[in-house]
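A.B. asks: First to last, the protein sequences are chains A and B.
If you read the first sequence in this note's numbering, its first letter stands for residue 45, the second for the next number, and so on.
If you read the second sequence in this note's numbering, its first letter stands for residue 222, the second for the next number, and so on.
Note that these hints are calculated values from the structure, not bench results.
No residue lacks a Cβ here, since even glycine has one placed at the ideal position from N, Cα and C.
Some hints could be false.
[Stated by the list, open to error] Here are some, though not all, of the chain A residues that point toward chain B, as calculated from beta-carbon distances under 10 Å:
1) K46
2) S48
3) L51
4) E54
5) V97
6) R106
7) L108
8) G117
9) R131
10) A140
In case you want the letters, here they are:
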Amino acid sequence: MKDSEALLRELEDTLSTDRRRELENALGQRPALAAKRLRWRRIAQDLSRARNVTFAPMFADRVLVRIREARIGEDSMYGHLRWMFLRVATGGVALALALGAYNAAGGPELSGSVIETLFGMPAPSLESAIMLTEL
Amino acid sequence: MNYASRDAPADEEILERARSGEDRAFAILVERYEGIVAATAIGMLGPGDDAEDVGQETFIRFHRSMDRFRGESSIATYLTRIAINLSLTALKRRRKWSERFKGSERRLEYAIDGQNPAHDLERDERVARVRAAIEALSLPHRTVVVLRLIDGYSTRETAEILQVPQGTVMSRLARAMDQLESLLKEMDT
Chain A
45 MKDSEALLRE LEDTLSTDRR RELENALGQR PALAAKRLRW RRIAQDLSRA RNVTFAPMFA
105 DRVLVRIREA RIGEDSMYGH LRWMFLRVAT GGVALALALG AYNAAGGPEL SGSVIETLFG
165 MPAPSLESAI MLTEL
Chain B
222 MNYASRDAPA DEEILERARS GEDRAFAILV ERYEGIVAAT AIGMLGPGDD AEDVGQETFI
282 RFHRSMDRFR GESSIATYLT RIAINLSLTA LKRRRKWSER FKGSERRLEY AIDGQNPAHD
342 LERDERVARV RAAIEALSLP HRTVVVLRLI DGYSTRETAE ILQVPQGTVM SRLARAMDQL
402 ESLLKEMDT
């Protein structure tokens, strides 16, 4: 195990007893390593103090406000789309029914199936096929 | 408003209430985990509006996804992962911005921000210096330092959050500690 890893494991308190003994021996023999251990401990200590932070007061309230705003936005968009769809769909169905009734009752004279009559579609004829090819 | 009660119920119970649409229950979770999210966001970005935005967005995303949260990891780990990802995005945005407006980069030093009032000024100054030094680290090194030494996750948990091997966490941390040492030395001179 490298020295730096041993120092970090020691900081984390996850060194085995044997490894700890090895590290203690190394620290006794090498003052540079002991000094490094001291500096790293100090940095780790300062960093652990940086843990005690919070956001500005009323943070939870600010989060809730944003969640509610998003919810209102989603609700209003859903409602708007639903309103639009209902009107467009209803209008479309009514128009189709009216045109179908017109075609069936007194519209242009068409000969063909019921579907063709309802939708006002002329029955395909040789003449119309020729006209289409000339287009 | 303080949402936390004295008879603190378990996370699972609060989560269930929050899932059923009780905003007050979600607010308790926010208060319970604000500290860990703040430590992550402020550790990554420094104190300020960016960190607050990341903090809020972390909880908003958690709120959106809590129906899918099955508890494979702890809530703290889950939130930290979101906070780290959002912080990295914010840092990329900040870098793009500072590249566009060269000369307006954030300075490495900042005053003690009053978020952690303490009587020991010398200690506060040391914490501020070490935080400033963190900002000079590369993102992979900074992330490991924040998770391991500020948030207090173990090497194994840090590896899980970042989805890298434990050996990578160790080597990045060792490198980061060496860099922090040099940076702090430079600041002293």
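A.B. asks: Each hint: holds or not?
C.D. replies: Now the hints, each set against the structure:
Restraint check, A/K46 versus chain B: the minimum CB separation of about 7 Å is within 10 Å; hint holds. For A/S48, the suggested interface contact is upheld, since its CB lies about 4 Å from the closest CB of chain B, less than 10 Å. At a threshold of 10 Å, the smallest CB-CB gap from A/L51 to chain B is about 8 Å, leaving the interface hint in force. For A/E54, the shortest C-beta to C-beta distance to chain B is roughly 12 Å, which exceeds 10 Å, and the interface hint is violated.
With 10 Å as the threshold, the beta carbon of A/V97 comes within range of chain B, its nearest partner Cβ sitting at about 5 Å, so the hint holds. A least Cβ separation of about 6 Å between A/R106 and chain B falls short of the 10 Å threshold, and the interface hint therefore holds. Taking 10 Å as the C-beta contact cut-off toward chain B, the hint placing A/L108 at the interface holds, the least distance being around 6 Å. Proximity of A/G117 to chain B is violated relative to the hint, the smallest CB-CB distance being about 12 Å (cut-off 10 Å).
With 10 Å as the threshold, the beta carbon of A/R131 stays out of range of chain B, its nearest partner Cβ sitting at about 30 Å, so the hint is violated. Checking A/A140 against chain B: minimum C-beta separation of about 40 Å lies over 10 Å; hint violated.
Hints 4, 8, 9, 10, counting from the list given before, are not met by this structure.
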